[in-house]
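> Sequence:
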Amino acid sequence: SHATCLDTSPPIFYMNDVSRAIVYLVHAFNDAYGEVRLGYTFDAGPNAVLMVQKQHAAEALAAVLKYFPPAEHAAEGYVNRPELQTAAEAVTLPAALFATFAAPPQPGAVRYVYHTKVGPGAALLGEASSLAGADGKPLHPSTQQRVH
Numbered sequence: 003s004h005a006t007c008l009d010t011s012p013p014i015f016y017m018n019d020v021s022r023a024i025v026y027l028v029h030a031f032n033d034a035y036g037e038v039r040l041g042y043t044f045d046a047g048p049n050a051v052l053m054v055q056k057q058h059a060a061e062a063l064a065a066v067l068k069y070f071p072p073a074e075h076a077a078e079g080y081v082n083r084p085e086l087q088t089a090a091e092a093v094t095l096p097a098a099l100f101a102t103f104a105a106p107p108q109p110g111a112v113r114y115v116y117h118t119k120v121g122p123g124a125a126l127l128g129e130a131s132s133l134a135g136a137d138g139k140p141l142h143p144s145t146q147q148r149v150h
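So the sequence shown is numbered by this note's numbering: it starts at 3 and just counts up by one.
Hints are computed from structural coordinates only; laboratory data are not their basis. This one's a predicted model, so the numbers in the text were calculated from it and none came from an experiment. Treat the hints loosely; a few may be bogus.
What the hints assert, rightly or not - Label-pair ranges, simulated between beta-carbon atoms:
id : residue 1 : residue 2 : range
1  : Glu78     : Leu127    : 37 to 45 Å
2  : Thr88     : Gly36     : 42 to 50 Å
3  : Gly135    : Ala105    : 21 to 29 Å
4  : Thr94     : Leu8      : 34 to 42 Å
5  : Leu126    : Leu8      : 33 to 41 Å
6  : Tyr16     : His117    : 20 to 28 Å
7  : Ser132    : Ala104    : 49 to 57 Å
8  : Gly123    : Asp19     : 33 to 41 Å
9  : Tyr114    : Tyr16     : 13 to 21 Å
Note that beta-carbon positions come from the ideal geometry of N, C-alpha and C, so glycine has one too.
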């Protein structure tokens, strides 16, 4: 998607400098560990969504905290899971990461880190959960009556 956006005329620039730095960090992180442990994608804008398996979450957060620490006035609540932040603060990152990604920390460049988990996946819901009637027209959510 990045290449497609850049190849259009005029090019579409949805990533900013912080977005690109996070992409480079992800690649450097994986190189430092010698395997793919961290992935990224972007929502409809410059906000990175990082994907990591549970066993590598503290390491990934440690890297984010190292290079994208909170602004001094915004440290409280920067990470929504204090227990994960505590685990991340105990991680010793590999020296290879610092050699590959030699960027200085950018306090405040990332506003917050929100950790979540993958849900149960798609589910088949019954007709009672439908937002559309048998004719395909929307139902009013509070009364389940057709909207005209």
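> Which earlier hints can't be squared with this structure?
Per hint list: 2 and 3 violated.
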